[in-house]
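Use the sequences and the hints to build the structure in full.
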Amino acid sequence: MWSLNEIVKRTDVKLNEMFSPAMAFLFEAIIVALLAISLFAILGLVLVLMERKVSSFMQVRLGPNRVGPKGMFQTVADTIKLIVKEGMTPNNVDRFLFHLAPFLVMIVAMILLAPLPFANGFQIWDVNIGVLFVSAVSSVSVIGILMAGWSSNNKYSLLGAMRSGAQIVSYELSAGFSILAIVILSGSLTFSDIIQSQANGWWLFKGHIPAIIAFVIFIIASTAETNRAPFDMAEAESELTAGFHTEYSGMKFALFFLAEYVNVFIVCAIGATLFLGGWMPLHFGSNTSFNHVMDYIPGIVWFFGKTFFLIFVMMWFRWTFPRLRIDQLLNLEWKYLLPISLINLLLVTVVAISGWHF
Amino acid sequence: MFLINYIKDVFGAVKSLAIGMRRTLFYFVRPKEIITQQYPDEMPVIAERFRGEVVLMHDENNEHACTGCTACELACPNGSIKIVTKFDISPEGKKKKAIDTFVYHLEMCTMCNLCVEACPTSAIKMDTAYEHSVFDRNKLTKKLNNEGSKVRSGVE
Chain A
1 MWSLNEIVKR TDVKLNEMFS PAMAFLFEAI IVALLAISLF AILGLVLVLM
51 ERKVSSFMQV RLGPNRVGPK GMFQTVADTI KLIVKEGMTP NNVDRFLFHL
101 APFLVMIVAM ILLAPLPFAN GFQIWDVNIG VLFVSAVSSV SVIGILMAGW
151 SSNNKYSLLG AMRSGAQIVS YELSAGFSIL AIVILSGSLT FSDIIQSQAN
201 GWWLFKGHIP AIIAFVIFII ASTAETNRAP FDMAEAESEL TAGFHTEYSG
251 MKFALFFLAE YVNVFIVCAI GATLFLGGWM PLHFGSNTSF NHVMDYIPGI
301 VWFFGKTFFL IFVMMWFRWT FPRLRIDQLL NLEWKYLLPI SLINLLLVTV
351 VAISGWHF
Chain B
359 MFLINYIKDV FGAVKSLAIG MRRTLFYFVR PKEIITQQYP DEMPVIAERF
409 RGEVVLMHDE NNEHACTGCT ACELACPNGS IKIVTKFDIS PEGKKKKAID
459 TFVYHLEMCT MCNLCVEACP TSAIKMDTAY EHSVFDRNKL TKKLNNEGSK
509 VRSGVE
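Protein sequences appear in the order of chains A and B.
The first sequence finishes on residue 358 if you use our numbering, and the numbering steps up by one all the way, no holes.
The second sequence finishes on residue 514 if you use our numbering, and the numbering steps up by one all the way, no holes.
Because the hints were derived from the structure by calculation, they are not lab data.
Beta carbons are placed, not taken as given, at the ideal position from N, Cα and C, and that holds for glycine.
Any given hint could turn out to be false.
Below, simulated DSS-like cross-link-like pairs (lysine-lysine); rule was C-alpha separation at most 30 Å, straight line [unchecked claim]: (1) B:Lys440 - B:Lys455; (2) B:Lys444 - B:Lys390; (3) A:Lys206 - B:Lys483; (4) B:Lys373 - A:Lys335.
If you want the ones that stay clear, here's a sample from chain B, every Cβ over 10 Å from chain A, calculated [said to hold, decoys possible]: (5) Met359; (6) Asn363; (7) Gly378; (8) Arg381; (9) Pro389; (10) Thr425; (11) Thr428; (12) Pro435; (13) Glu450; (14) His463; (15) Arg510.
Here it is as structure tokens:
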């Protein structure tokens, strides 16, 4: 059967036949980089359009509908506009940090892509501490945001960056605890093992109520980690103009914008992998005819389907809830999410030790 | 007691958020609820009493009811109306005041409706036209009476 795994293996064999191992590795690295960058570009275009369409439908509007059929090329036009726009640098900024910050945010998003399994065997780097790697690297993005806020020499930027720092550092905790719940249930930090452990059902269904609580907390915490409404304190356009990227324009602004959407994609992909089985088709029990029917849908479709479902849920949050104040935001984390996730972790441990999960 | 309130808080929050999300999903899955009017493609419904511009009403004989009394010009708070009068000679040889040009400055008009209320013969009214953008500002200074029009007989 046609599969991405086969293609990857064949390409590897072919390249090793044609070139020396070092050259083959170099070519593979280039192919992977090109694929990653094109994925980012496509994600930026698709997700921005999706956000605008979802928001407009939820607000009883039409949304973009002029450029191309049903407004499908609106984001392409926007991107061209952003590329040709002048990148302004204000006078008294810290130039080095100012220019570095958007790239740092982008690079963090790119590194996070490495351990994500898109389909069976279609993964850049199956590192044995994949989950730890993701949660460690994802907290680096706050440095990029703080850098942007500090170097802009603008009070709005600095306020936005400081809020974002407080927020991301707080919400990392409950996101980490809810990820740990799945690590405890599956007994592995490797993404491929976690997915294999969901072959007879996703952890969301197998792990009883603790897994569902962990999933809800993960969604809330990852919404906060990606600085999206109702937790968009870092931008808060009605209070801080645009927060940390107030002073950015042109392509550097576009990089921040793109990084936000890529981060959304990545946290949703992690959520889909941990809780909804990643590329694993929907299975109940083992060896039923239902499972065989589901197996005909390729893994990459399952992966993107689940990820986009979670992205839709996050957009749904964004266009439903009003923005929290910074004290409410920190109250929610330290008084509610963190205690609940700690108790939940205990419950998960009990479930895992007693073997109550399916 | 504290713990009960805490748990109540959590469930109350979840419930109220769920209500909000149900409402947005309701609109998301029903594109028919969209209220956007796609203006150039579909013309919006204009309210009957919408005040777009002042018009001088002419009937099919190219006759209007304006006697040239300049009540509208006096009523206009910012001088948007300027009436140039002339004297018609009636068949009996009597002089009669009539309008030569009814000048209306649309660019100055605030659509306050005072001229329409001041008109003793109901010669002018507010029209619902709203597409007033032009490339040349001079086009907004309008002559309201048609070429060769005259006052309807019997209107004093």
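* For which of the previously enumerated hints does the structure constitute a violation, in increasing order of number? -> Of the numbered hints, 2, 3, 7, 8, 9 do not hold.
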